[in-house]
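Asker: Chains A and B supply the protein sequences, listed in that same order.
Mapping of the first sequence onto numbering that gives the first Met the number 0: residues 0 to 191, in sequence order.
Mapping of the second sequence onto numbering that gives the first Met the number 0: residues 0 to 945, in sequence order.
Think of the hints as simulated: they come from the structure by calculation, not from any bench.
Take these hints with a grain of salt, some might be off.
[What the hints assert, rightly or not] Over the 10 Å line for every Cβ pair with chain A, so calculated as not near, a few chain B residues:
no., residue
1, F203
2, T300
3, E319
4, E427
[Unchecked claim] Selected chain A positions facing chain B (in silico; Cβ < 8 Å):
no., residue
5, Y47
6, N50
7, R53
8, V92
9, R160
10, Q180
11, I181
12, R183
13, V184
Glycine included, C-beta positions come from ideal geometry on N, C-alpha and C.
Spelled out, the chains give:
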Amino acid sequence: MTPPTGRRLVTAIAAVLIGTRVLAASSPGPERQAPGQASPEYMIKAAYLLNFARLIEWPPQAFAAAEAPITVGVVGADPFGQALELTFQGKTVNRRPIAVQRLQWSQDLRRCHILFVSQTDSGRLGELSNRVAGLPVLVVSEATQAAARGATINFRIEDDRVRFDVNVDAAKRAQLTVSSQILRVATIVRDR
Amino acid sequence: MTLRNLSIKRKLMVITMATSSLALLVASAGFLLYDLTAFRARMSDDLVTQAEILGTSSIGPLAFQDERAVADILAALRAKDDTVAAAIYAPDGKLFAAYRRQDAAGYVLPPGPEADGVRVDHDEHLKVFQTIRLQGELLGTLHIASDMRQWHARLTRYTGIVAVLMLGAAFVAFVLSSRLQTVISEPILALERTMRSVSTQKNFAVRARKANDDEVGALIEGFNAMLAEIQQRDAALQGANEDLKTRTQELEQEVGERLRAQEELKVLNATLEQRVAERSAAAEQRSLELARSQEALENQTRILQSILDSMSDGVIVADEEGRFILVNPAAEDILRVRLADAPMGEWASRFGFFLPDMLTPYPTDAFPLVQAIRGQAVEAADVYVSHAGAPDGIWISLNATPLKDEAGVLHNGVAVFRDITVHKRAEEQLLKAKEAAEAANRAKSQFLANMSHELRTPLNAIIGYSEMLQEQAEELEQRESIGDLQKIHAAGKHLQSLIDDILDLSKIEAGKMELFVENFDVAGMIDDVVITIQPLVEKSGNTLRTRYSDALGVMRSDLTKVRQILFNLLSNACKFTRDAAVSLEASRQLDGGREWVQISVSDTGIGMSEEQVERLFQDFTQGDASTTRKYGGTGLGLAISRRFCEMMDGHISVQSALGKGSTFTLRIPATTEASAAGAAQSSRITAPARTLPSARPPVLVIDDDPLVHDLMSRVLAKEGFDAVCAGSGPEGLALARSLRPIAITLDVVMPGMDGWAVLTALKADPELAEIPVVIVTMTDDRHMGYALGAADYVSKPVDPARLAGVLRRHASARTAASVLIVDDDEATREATRRLLKRDGWNVDVAGNGRQALDRLRVSHPSVILLDLLMPEMDGFDFLGVVRGSDAWRRIPVVVVTARDLDEEDRARLNGSVTRVLRKSGCRRDELLQEVRQHVRGCVSQPAAAG
Chain A
0 MTPPTGRRLV
10 TAIAAVLIGT
20 RVLAASSPGP
30 ERQAPGQASP
40 EYMIKAAYLL
50 NFARLIEWPP
60 QAFAAAEAPI
70 TVGVVGADPF
80 GQALELTFQG
90 KTVNRRPIAV
100 QRLQWSQDLR
110 RCHILFVSQT
120 DSGRLGELSN
130 RVAGLPVLVV
140 SEATQAAARG
150 ATINFRIEDD
160 RVRFDVNVDA
170 AKRAQLTVSS
180 QILRVATIVR
190 DR
Chain B
0 MTLRNLSIKR
10 KLMVITMATS
20 SLALLVASAG
30 FLLYDLTAFR
40 ARMSDDLVTQ
50 AEILGTSSIG
60 PLAFQDERAV
70 ADILAALRAK
80 DDTVAAAIYA
90 PDGKLFAAYR
100 RQDAAGYVLP
110 PGPEADGVRV
120 DHDEHLKVFQ
130 TIRLQGELLG
140 TLHIASDMRQ
150 WHARLTRYTG
160 IVAVLMLGAA
170 FVAFVLSSRL
180 QTVISEPILA
190 LERTMRSVST
200 QKNFAVRARK
210 ANDDEVGALI
220 EGFNAMLAEI
230 QQRDAALQGA
240 NEDLKTRTQE
250 LEQEVGERLR
260 AQEELKVLNA
270 TLEQRVAERS
280 AAAEQRSLEL
290 ARSQEALENQ
300 TRILQSILDS
310 MSDGVIVADE
320 EGRFILVNPA
330 AEDILRVRLA
340 DAPMGEWASR
350 FGFFLPDMLT
360 PYPTDAFPLV
370 QAIRGQAVEA
380 ADVYVSHAGA
390 PDGIWISLNA
400 TPLKDEAGVL
410 HNGVAVFRDI
420 TVHKRAEEQL
430 LKAKEAAEAA
440 NRAKSQFLAN
450 MSHELRTPLN
460 AIIGYSEMLQ
470 EQAEELEQRE
480 SIGDLQKIHA
490 AGKHLQSLID
500 DILDLSKIEA
510 GKMELFVENF
520 DVAGMIDDVV
530 ITIQPLVEKS
540 GNTLRTRYSD
550 ALGVMRSDLT
560 KVRQILFNLL
570 SNACKFTRDA
580 AVSLEASRQL
590 DGGREWVQIS
600 VSDTGIGMSE
610 EQVERLFQDF
620 TQGDASTTRK
630 YGGTGLGLAI
640 SRRFCEMMDG
650 HISVQSALGK
660 GSTFTLRIPA
670 TTEASAAGAA
680 QSSRITAPAR
690 TLPSARPPVL
700 VIDDDPLVHD
710 LMSRVLAKEG
720 FDAVCAGSGP
730 EGLALARSLR
740 PIAITLDVVM
750 PGMDGWAVLT
760 ALKADPELAE
770 IPVVIVTMTD
780 DRHMGYALGA
790 ADYVSKPVDP
800 ARLAGVLRRH
810 ASARTAASVL
820 IVDDDEATRE
830 ATRRLLKRDG
840 WNVDVAGNGR
850 QALDRLRVSH
860 PSVILLDLLM
870 PEMDGFDFLG
880 VVRGSDAWRR
890 IPVVVVTARD
900 LDEEDRARLN
910 GSVTRVLRKS
920 GCRRDELLQE
930 VRQHVRGCVS
940 QPAAAG
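Can you make the complete structure from the sequences, with help from the hints?
Answerer: Okay, here's the thing in structure tokens:
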């Protein structure tokens, strides 16, 4: 793996060249994003979250009713801006709407189906995985090597593209069935 | 040279070749077309399947924008030779990834995605578009293009194969057809050859060879059959010639045989003659035997004949033609006529046969002998015979029987009869004697009825006048004659009761006594008798004690007879007891499933010995002959009582001891089943009396108190008035208008319309003003009442006697009512007239019906007292006229007669008289009471009076 500083540099150059593929990594940071706007990187991550919801199967007990919404929770810092709302608007997964919740660490996290932990809060990833251990919760993070630290899916940037790792053991623990369509493009990670 | 003119051989070959080649060509072309189409369809299917597989596997890479992965997937198509190119377009239509076969430079990828599906592009390429979606969201469109190389290769290859096959097939067809055509052409050619030989050589024995069983075979067969027929005819012609010759020879032979048979017949005839001779001898023998049996038969016939001749009964046998086959001497002796044959229809007239009525000639069809000839047996039919030879007539009793032969076939009839003239004459005399006896009986009954009338009429006068004379003597204080008159009166009474008893008894004896059953109240009846007997009880110094319960109820029996029995028992008791107690007890009992009324009368008189008791109920016997002299009486009373009792199914018994008195017990069924006629009669005579127009008008009681209604009704009923009650003034006025009462009693104090108002209203109505009103009140306000028009004043509590007196005075004093007495007996008429006159009536008299009608025309009596037996016009006829007239119909008629009414009389009087009184039983008071009642009824009925 390349050091993060080096990769950021490369990413910035590529963004200038490709235009549309410019990633948020070069942007000043999520905290400084103007409200209502979304960086391209997080638009892509939001779309990926939607596709995860579509291609991962939760156990039936994870939902109160047949058309109960899939809840996507963002714990702690929120780098998405309006990206999640823009992406999920009018979309359903197996006729379930998708709800977005922004949560503090002190709140009950267990009611979410997908929990996103940003780079900023990645230090508390271990704590999070303990809190939702054994529950059908898909923990998605974007910290380096996060998949080995409790997250089921970990975003990373590779060749200016958003790629991800999937910890299949973590998925299994969370009783989540991950489609081969995901595995086909993901880097498979296992517990050490 | 056209096909038509080719030889059969060539034709067959050409046809076979052409047909098989064409068929093969069409089949090959069809197969080729099908195969190529199917191949192309398979190619399309393969391509679609491939697109689907590729599309599905690229969902993930597309969803996560992995171009490399997409490119890898498309590159996998390299394995497929015919895939020219493949591409995936992004949802925005831009090319996302592409693959191109190296040698396929000629194919240009479409600039953007097209609609899903497979299509062929210029027979060069097969193109497929397939959209890729994840949960409905378009991820991209896959495009695959395939060239048609394989297909074209297949086309070329198959065409070559077909060409080679065609050539091979044509060759094989040529070889086979050139061989096989001989199967058809050869037999035809052979036939043609045969025909030619037959026609040239005229040889009909030649035959064509039949090789196959097909149409050509049939043709050959037909040809052969034709040849055979010709050959056979030829042969038959020759055969017929031969036959003709043989036949001629046979005929000659037959003629010879016939001649021989004739000879044999002659021999047979000779044998037959001999046999006939033998048979005649046997017949002679048989006729001898027949003669012997005939002799025996004649013997028997002679015996029968002598029996018939010696019989006293007549016997005739005749057949249906009217021929007399057998007539014995007795028959003609009895009938005193010569029986010559005659048709059956003339027998009655010729021989004088009549029906038993002695007038009607016997109808032919009914005549016994005729019926017998026709098959019907008749027994003991009486026939009267009368003709010139027997002017006095002969009666015969005749039996007739059909005669049949052994086979049962009817031929004749036989009649056997005897003279019964003597019996008939005796019978006739018997009948006459019976009629005479019946006439005598009728005369006796008539005599009895007349006697009752004739005896009673003078007695009535004697008794009536002696009563009146007594009263006069008492008034004039002629003491010495009073005693004499009393004796005359007593003797008359005695005689009267004697006559009544004798007549009753003789009626019973003659069976003329009838029961008139009706329903009546037992206690009421006893009360009646007790009141009647009271003077006798007092005269003998006795006291009468009665004891009976109210539960006696109603009995259905002959009231008059029960009363008479009871009266007789009580008067006997009084006769034989002096200064003692006579007691009467009555009860109702259930015995043997029947209800009985038992009445016993006890006295403490002289009593009777057992011997006397035994003779007690015999006719004309008293306890002792001396008693009759001492106590009077006919001694018939008990006998009559017993007879009456028995008529009503009851009985009478006595318990007695000398010197200790006697107890007579009478037991009668509560319900007597009278003879139907008697019962019907009695109900008819009693029923209409209630509906007679002269039913007396009532007294109207107007009072608001129901208790007063009840009280007044009873008081008035006792005094002989009917009461109708009204509870208020208006009701009273309405009733007064509809009923026209003879008097009104009126209460003053009433709610609503008070008595004064009612009285004013009554007097204001001209129709009601005449009705006397009696004020019945507790208030003493006489002046007010009289001022308003009241007739009288009675104060409450009401004194019944005073009320009755007042009512009677006002009810009857209103008009001078008149009575018409119709009686032929001067004495009776006069006695009655005087009696009524003294009671204050206007009296008119008439000697018979005709005079009475004359009187009616000038005066209008309130009531008519009518005798029935009168000269010129009797009571029945008079009644008929009166009831038939509108003016007189409503006048009440009281029949006063000495005649005992029988059923017929009652039927004639039915409904037209008000009441029947018997002269002897009629006391003066009773008569007066009747007259008063009816007059009261009439006078208050203006319609009737007018």
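Asker: Could you work out which earlier hints the structure fails to respect and list their numbers in ascending sequence?
Answerer: none
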